[in-house]
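Based on these hints, arrange chains C, D, B, L and X on the given structure of chain P.
Chains as they are written, first to last, in the working numbering: chain P, 1 to 230; chain C, 1 to 230; chain D, 1 to 230; chain B, 1 to 230; chain L, 1 to 230; chain X, 1 to 230.
Keep in mind that a hint or two might mislead.
Pairs involving identical chains hold if they fit within one copy or between any two copies, as the list cannot separate such chains.
Claimed, not checked - Under the rule of at most 30 Å between Cα atoms (straight-line distance), these lysine-lysine pairs were calculated in the BS3-like manner: (1) 199 x 218; (2) 141 x 196; (3) 141 x 199; (4) 218 x 141; (5) 218 x 196.
Note that these hints are calculated values from the structure, not bench results.
Number of protein chains: 6
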Amino acid sequence: MSGIVVQNIPRAASEVIDGLAACGVATVHEAQGRTGLLASYMRPIYPGARIAGSAVTISAPPGDNWMVHVAIEQIQAGDILLLAPTSPCDDGYFGDLLATSAQARGCLGLVIDAGVRDVRDLTEMRFPVWSKAIYAQGTVKNTLGSVNVPVVCANQLVNPGDVIVADDDGVCVVRREDAETVLSAARAREANEGEKRAKLAAGVLGLDMYNMRVPLAKAGLVYVDTLEED
Amino acid sequence: MSGIVVQNIPRAASEVIDGLAACGVATVHEAQGRTGLLASYMRPIYPGARIAGSAVTISAPPGDNWMVHVAIEQIQAGDILLLAPTSPCDDGYFGDLLATSAQARGCLGLVIDAGVRDVRDLTEMRFPVWSKAIYAQGTVKNTLGSVNVPVVCANQLVNPGDVIVADDDGVCVVRREDAETVLSAARAREANEGEKRAKLAAGVLGLDMYNMRVPLAKAGLVYVDTLEED
Amino acid sequence: MSGIVVQNIPRAASEVIDGLAACGVATVHEAQGRTGLLASYMRPIYPGARIAGSAVTISAPPGDNWMVHVAIEQIQAGDILLLAPTSPCDDGYFGDLLATSAQARGCLGLVIDAGVRDVRDLTEMRFPVWSKAIYAQGTVKNTLGSVNVPVVCANQLVNPGDVIVADDDGVCVVRREDAETVLSAARAREANEGEKRAKLAAGVLGLDMYNMRVPLAKAGLVYVDTLEED
Amino acid sequence: MSGIVVQNIPRAASEVIDGLAACGVATVHEAQGRTGLLASYMRPIYPGARIAGSAVTISAPPGDNWMVHVAIEQIQAGDILLLAPTSPCDDGYFGDLLATSAQARGCLGLVIDAGVRDVRDLTEMRFPVWSKAIYAQGTVKNTLGSVNVPVVCANQLVNPGDVIVADDDGVCVVRREDAETVLSAARAREANEGEKRAKLAAGVLGLDMYNMRVPLAKAGLVYVDTLEED
Amino acid sequence: MSGIVVQNIPRAASEVIDGLAACGVATVHEAQGRTGLLASYMRPIYPGARIAGSAVTISAPPGDNWMVHVAIEQIQAGDILLLAPTSPCDDGYFGDLLATSAQARGCLGLVIDAGVRDVRDLTEMRFPVWSKAIYAQGTVKNTLGSVNVPVVCANQLVNPGDVIVADDDGVCVVRREDAETVLSAARAREANEGEKRAKLAAGVLGLDMYNMRVPLAKAGLVYVDTLEED
Amino acid sequence: MSGIVVQNIPRAASEVIDGLAACGVATVHEAQGRTGLLASYMRPIYPGARIAGSAVTISAPPGDNWMVHVAIEQIQAGDILLLAPTSPCDDGYFGDLLATSAQARGCLGLVIDAGVRDVRDLTEMRFPVWSKAIYAQGTVKNTLGSVNVPVVCANQLVNPGDVIVADDDGVCVVRREDAETVLSAARAREANEGEKRAKLAAGVLGLDMYNMRVPLAKAGLVYVDTLEED
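Looking at chain P on its own, in the form it has when it is part of the complex (with noise of 0.2 Å):
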């Protein structure tokens, strides 16, 4: 079931991929129910960068980066490597010199739920990595993974060309088909959030904003002075 590279897959259109990366991922996965965020030990490298992008997924053994090679000529611009190593590791499979490559065939960055390295080098060149570690441990180029299957990464189902959203908050994935569905529901929600947060910003509580005082009495809520010691 490894050793295999898919060459052609279906890719979102990219206006909507920037309008998904434009939203953020806490508002996307809002918008699409509440679903594709992938696990939260998954952390930037360096804060404030925000990116969307297609899923160039990478399956890979336990310590042994050569599938990372093979993914990199699957690249198009605007892509994202997405790698889920096949055991879990933390080593560092990706450095300053593979981000020359990928960036070299405009790769925005890279999600991978293991290590990375060469992470000051990553920062000055702008290309931002999210990881479960930052490790410079090196890894062999002995066995073979696959590139662009379906894989699970950091505990979410990621299929090659789905749509990876990244930011300070973490990543998350939206299926392709749904893409531009979930955009619609993201914008409609952030306009819905500028008047919210005018009104906050303007003394309004939330309990009043979003008619919660009836329903919290209803669940009981009771309000006292001042707790009574027994």
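Relative to chain P, chains C, D, B, L and X alone:
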């Protein structure tokens, strides 16, 4: 036992609270006998913030942030929200809308033994958060918790109105009724530290400044030139 | 076996040490055959520092920093303090006063398989620390440990006088007696990397640059157009 | 604040304590409104023990078990020792000699948010322990803590004299003053459970027994024959 | 996307499922190309159980076990319940009452990426559970999830009707449509293993039995008498 | 530095090794000055085993068990295999076939800072294993490591031929050249313990037996009747 909102909580004097903020977590913790530190996994979302305020406490069910809205109404200027889930949870209970609302009421920041999201926005707003996780996972609004009851947060008991001190070193709780005494001890310690720092910077050794050589010798410390191999 | 201070330790030549600092952790680690990395949980308190120095080692009981004071007297300019607790501990053994004292003696930084505190001050002082935790928890001064004995720190053996290299990728130890050889290998690797980087930036694929296509085919790699669904 | 031994603590009535033991952790926890559980990392050293007793609490420095000796003198028949370190520590504070001494005074077991050792001996003695770790690492006897003061243990506040219930599901604390009420609620719950269990064993569905079908439908639950693929 | 119950799921033939149970996790995992293992933190509540069955999947909100009741109605004899929370949660979703109900419908066991409770009762009932935690924390019944939809559980994709194999080594998922092929491969492997085991027990070395000496030498393995010290 | 097999390693005398096994981990660890314990995450796959033997060490790449086959040839009766991966890995390097082979050569057990599988079979064979994980994930045989070189395993340095002591409390390493001295100290300690145990069982307090009352009072311990509330 849940479903209670205590509306009237005692608070320490604001000049005492501000004094504790200026001293910072490490000094305050030492000044009160090395007690009060929340667990070390409580980390700030951005570096450099140093605050102190009165705790408005929230006991919330896992994955349910209804009580945050209730708590915001109870905030007075200078307060800090502090949320403890009733079972361990990393969900993102709090984001930029809630921060806008809390900030509008004078809230100085959030301490949460769970997740937070929209951290890029929160950073731009300079609304500091100390959390267990950064995670965009959304929450529901179905189940009651309580506001301004005693909670255990990150392995420390916090009563409503206790003083929370937070900076890059983490978070420390000071009992409201001890706040003034702790401030005095902290200031004494600080005065003391300036003098020590100057001596140490000038090359005086701690061994001499603290008169450690005799007790070390008594304890059996032996100086050798080189380590003999067996 | 504890209670010993070794006063005379061998050190590598300063130009060798400086050379290793310039190469950085990932390169040095590769150059010595992918060995010597401390565990990936050892993280810098601020980004951007890159140092190398001779290890002054400390073996300390849990929650007891008496030996740090003893160790500081043993520091020579260009040294790095490295502390390993005798059982796992996250307490804050080290803060700004100790850093002031260490810096006054020429210490370049601290590597500690435990906690550190006063990180805002340490950041302002540009005294870099790689630690397992940031935690303000104070320590006592009751029990002896040892200084300049071999220790296991974050899963690596470190002898006093070994060269410690540390940067944003983590921490690597180089045996003192191997330092010169490792530096040569690291420099060769670096020279090599410049050329590779230029090619990759120009769009040459690693697949071609490293002649991977034949071995990949031999290993059984198959390219397909699309993934057939069952 | 440390260095105190409280010699006279209130205890719940022994028949109440025995009743809580018979109910077990899960039932007692539910009966008091889903509160009081210690963290899930507190695990028994052998399966099958189910005990309840009055807490003799110990606040101890990391790696220092001096206070355990002090606490044993305070034990009355039917008590349970409960130790919380003042900072996280896995050291083995307790082994077969201390267990022999505690058992001789009528102690029923130990709950420790740290390590335990000699577990083979403890198992043979049928002295049950719930701990965070099994670790032979020895401790020192240098620094005071306190006995019979309120402590936070594995994320729960425990007062001296509170009732500790422990079994294969973990550990639950019941406030001494609530013990009788909680026992009544737990027994009511148990009576109730026998009947429910019989129905469920006979094939009645919870959906029907708890009348869930209408609220599920109202909440929007949809039954479909097969999952349509997009 | 939540709030769906799929009532009609395909299942593998029972003799295939029974065959997989007999082979066990390690063999089945190897037979399907080293894929399908759930994360190693999924541990059995008691040793010795070895089962296989068709997955009835549950996607449930954190701390809410409403869907477990819904799922039990969908169980056929020989099924295994498999629950994945929509965000990480250790709460005890499942205890002896639910087990009684599930067992009455022919359920063989539970695989849950969360907590379980009443483990003493479950052990006595011989109802095996593989879980992430043992934790008595109760749950609510407020929010919908789904039953018999694809879920990611402990880092593996599981479709309803996939075959779950579980024993002391952990849990492995086999795609329903591959079950027969995997069984053949597993049996071939087992036949093979008996012969190998006999040889190894007789003292034949794996080095010789697998003809490893030549490839090891080619890879550069060097035998030396003693390790020269530098 | 990898790719080496050392064939001739020194071993301690078998009667010394057997003596250390009889003493057990906690006693041996104390007898050698509280040193030598492997990390507490190293747990036995079944309770009750207590062994000691000479370490045949394996340094292995992540996910590659080729060197285990090489190591088995180096085993002499009474040896214990000890494997340390070169980067953290939970894969199942070892199962029942390898255990059969090792046992045929007189191997007493395995200590592995990684995963093990076939634990039901290993339990039936009474081949004890102390491991970081139980995980069926298979490994490859592509990359060399070394056999009988010094390794750091679970945070302890282990030299080939060092004595490994393992029981329900964990694993302890004793330097080969210190084994006899440590055994004497351990036996002295044990003799001592029998007498202490008898006194404690008879109700003598540790406070009196160890003459702790005076030093406790000197350290400032205060006995109070009840805890005054503020």
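These are the hints, each one checked on the structure:
no.: 1; hint: 199 x 218; verdict: within (26 Å within a copy, 32 Å between copies)
no.: 2; hint: 141 x 196; verdict: between (53 Å within a copy, 17 Å between copies)
no.: 3; hint: 141 x 199; verdict: between (57 Å within a copy, 20 Å between copies)
no.: 4; hint: 218 x 141; verdict: between (63 Å within a copy, 13 Å between copies)
no.: 5; hint: 218 x 196; verdict: both (25 Å within a copy, 29 Å between copies)
No hint from the list above goes unmet by this structure.
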